[in-house]
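*Asks:* These are the residues of each chain, in order.
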Amino acid sequence: MEYFGEQLVNGIIVGGVYALIALGYTLIYGVLQFLNLAHGELYMMGAFFGFFAMVAVGGPSAAVVPTWLMIIIMFLVAMGGGAGLGVAVERFAYRPLRKSRRLAALISALGVSLFLQSAALLLFGARVRLYDTGQFINLRSGFSIGSIRIDITEIMVVVGSLLLMAILWFLVNRTQLGRSMRAVAVDQDAAVMNGIDVDRVITITFALASGLAGAAGVMSGLLLFPVDQYMGIFAGLKGFTAAVVGGIGSIPGAMLGGFIIGIVEAMATGYLNPTYADFIAFLILVLVLLIRPTGILGKKNLAKV
Amino acid sequence: MSENQTGNQPETAGESGRGIGTDEWVAQHEQRLNQASGPFAALGQRWLQLPRGIQWLVPLTIALLIPFLTSNDYILRIGVNLGLFLMLVVGLNLTVGYAGLLDLGFVAFYGFGAYMYAFVASPQFGIHWPTWLAIPMVIAVTALFGLALGTPSRRLSGDYLAIATLFFGQMFLVLAVSSDAVQFPWMQEPVDVTGGANGITNVDPFSFFGFTFSSMTSYYFLLLGLIVIGVFATLRIHNSRHGLAWRAMGEDALAAQHMTIPPVRMKLLAFTVGAAVAGLAGSVFASVQLGVFPSTFKLPLLIMLYAALILGGLGSVPGLVIGAIIMVVLPEVLRFPDYSNWLFFIVLIVAVVTTLKSWKIITAVFVSTLAVGFAANGIFLALGVPYLTTPEWTEGPLAPILGAWVFMPEDRLLYGNIAFVLLVVAIAWMTTRTRRTRLIALPFVLWLAVFTWEVRLLLEPSVTRQLLIGALLIVLMAARPQGLFGKPRVEVL
Amino acid sequence: MTEPALSLRGVTKRFGGLTSLDNFSLDVEPAEIVSVIGPNGAGKTTLFNVVTGVYTPDEGRVFLHGEDVTGLPPEKVARQGIARTFQNVRLFLNLTVRENIKAAMFGRTRASLLGSIVGSPLARREEVEKEEQVREALEFFGTRLQGYRLDQPAYSLSYANRRRLEIARAMATGASVLLLDEPAAGMNPAETKEIAQIIRRLRDDRGYTIVVIEHDMHVVEGISDRVIALDHGVQIAAGSFDEVATSPAVIEAYLGKGAAVTK
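Protein chains in written order, with the working numbering: chain A, 1 to 305; chain B, 1001 to 1493; chain C, 2001 to 2263.
No wet-lab data here; the hints were simulated from the structure.
Certain hints may be false.
Below, simulated BS3-like cross-link-like pairs (lysine-lysine); rule was C-alpha separation at most 30 Å, straight line [claimed, not checked]: (1) Lys2130/C with Lys1487/B; (2) Lys1357/B with Lys1487/B; (3) Lys2130/C with Lys2076/C; (4) Lys99/A with Lys1360/B; (5) Lys99/A with Lys1487/B.
Could you build the full structure based on these sequences and the hints that come with them?
*Replies:* What follows is the structure, encoded as structure tokens:
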């Protein structure tokens, strides 16, 4: 029972990271009907940016600023860098393809993914980085449920992702900007004719989505996951799975999907063969796609013939 | 039939006359626009006028002669790789190029075929089937596998199909890598099915009627034969009943359905045939390599396949051959700093010469680039940046020129990285500027490109290769989505 | 009493809360031209979609030459002998004129994939027959789609030619019943007259049974044996053109309540 609890908790924590990545996917797909296959790479870049920010202020062991400030800086740099990168990618790789067929944009996304991975390899080298969180956060602090320990970074991750989701939800559903985003999602041409600056809305969408991915990257690093050029591939695939399972285009869906995938993965690792954990995550996706392609909370779109 | 009253020229006059405004002349407008100009154009025209058979005969003859012109096993190996790659591209072309089905898991069929062959022709299970039995089995089983993958996906289209197939592909990979200790309920010990991450070794080479394929040359000719068959079949399929059905489906699936074309059956057929071809390629691969290793069947190979198809131009058969050649041969060239240097400069010069129209401008650009280079050298020297002398970083015929013009800092990593980032930013920036601004910035960007190449990119050919492929895909989609030989498409969204 | 070429019995189609077709019935006799009119949103294209199998009706049945085709997928319905054109022309734009027509002959040919590749006698014979069919389908349109045009991509055709090609493509499926969805939309008066003539000739010379959705009343008047008026999924009038055009219900549907009073 205890073991189950541990796995559950692990699942929820990792699920928080997946949920953030999923949020990014779902945001972009919701507004543009475009699958940004390069999204995982923005997560990877965020992790690197956070790492370098940490090193720049002296971390992990000799920080010149208090820990809480360092963490904030890491998040800001990762989210800002991620957002900037995402906006650049949209501007130069995807914008020229807005009127082209789906295939073209998907290929371009594959190209961006490959390019970002290689650029990271070139610029940062093949060495795997570790955040070494233990050096600046007392991993013993936190609390326990029964005998299950939850340390403070883990709490931060879950709370942080829930917070970001709430902010995003508020943004999309209760602000003028969000209304514009939803309008662009339904009909770009009509949105333009109603005075919405579609380019700006799309830029902001990418900035938000990529910023979230960057945050996810830092969280992942803080949780002591290794940081290398390839981390974006699998995490991206899983975050993407989460978005589709939860219902692509739906914000609560992405969140739900993230936690589901995280928990399922943790259970599979804990009770079945850990090597098959990835396989099972993918299997779930395929099953969802076949049985209910719109996902758990997704909406069906009716197209006029 | 009522007379034409809509204001067009009378049809009959239009067909015989070639005057401005007549329909045929107007219809050939695009053709005239795209007609190349310059010294090579005349050659190109002559080439295109040759009958198709002769056009294909030329590369075929060259391919046939290569093994006799060189005994270098390395070159033959590249030929074999090209053959395998081409087979895969031919298979993928059916699914993606004709039927428009985005199959991102295609490489799994290749791997499946390879493993299947290894299962029946290696010490893994101690089974050693004769080749004439193994190959048809592999083809059939991989085709079934393709059917199995296609069936649940049959109702998916576009994005969803891409996702599903991507995940099927990943699932296969994970399965292959993890299945080195599979516990079957009816067995005592776990069974090593796939050899895990190390794969399967000591796979039997092919042998037909007592002739064992033991040399690279024999495989080269085998693959050449298979390619000829594959290309021929593709050409025949293009205008056949099924080919047209696939292409119609790729254009407008709903309309095609209304015109008696069964979408599910055609989709499954595309998957199955594509898988069969990939499976065959897989078996050849396994026997050439004398082993099967899961690391081959990952996403980068898939991306290269797509890059080849897209570069060549979807739906164009000469295109896919040339795209494949570029994708396979180029990385090999990149392995040798001397050759890749030559290639880099040739490509750069050709690109500049073909995009800029007037010789005056071209000369101006080249001269300015040289000037920028020397100016940069001066700046570096003035700043006291430690550098390497010529023999320390380059040799060969180009060395004196390069050494004099390119500044090689000692800390190649740091300066190279900065230059790389600046280069990417500069190129992106250039796309937003007017022609004039671009022209002015061009010498600086050209120098920056050469600098980045020499100082940094040459150091890591495999990373550079990935970078170039990624950049190629991005630029291609934005600038020339129809590839080198494809026809510009019209989309209705 | 010959059996109707196309027969709908009590067909109802709902989309969520909206009833697009409500207990609709229709018999179309062989070689008859029936026009379906009605304001936008009346359910006319839904009607076509139900007949061709894009939608399965919630209630009711569809019969083609006496065969029950209700709920069959479009490719099967097409093979039974019915083909259509679309409201916004849906050609295979990047295929040539010739290829557009040949593609539609898939259901009439039997050559296998392997046979096509190696050039089996069946495949070769069918290819010759297909060329013949292309000629036959296109000569119907006179000099319009001839000569060099056959090898031009469909996107290079003028709008009117695209509509003609779409009809030719529908003919190529071997159908005996044609559903034409606003064939004269977007055409100038001369082209409109020509299309009306073509529709009449399709029936007179080749014996097609034709159901036409149209808004242009001149066309409707000129070609129809019978006219059906639809509004909100319900048949509100049926009969000759004059009967329907003067029916109060129809006038009201088009011009609003009270407009009928003045007649």
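*Asks:* Evaluate each hint against the coordinates.
*Replies:* Consistency of the hints with the structure:
1. Lys2130/C with Lys1487/B: holds (25 Å)
2. Lys1357/B with Lys1487/B: Holds - the C-alpha atoms of lysine 1487/B and lysine 1357/B are around 23 Å apart, at most 30 Å.
3. Lys2130/C with Lys2076/C: The hint holds at about 20 Å.
4. Lys99/A with Lys1360/B: violated (36 Å)
5. Lys99/A with Lys1487/B: holds (17 Å)
When the structure is compared with the earlier hints, a violation turns up for hint 4 alone.
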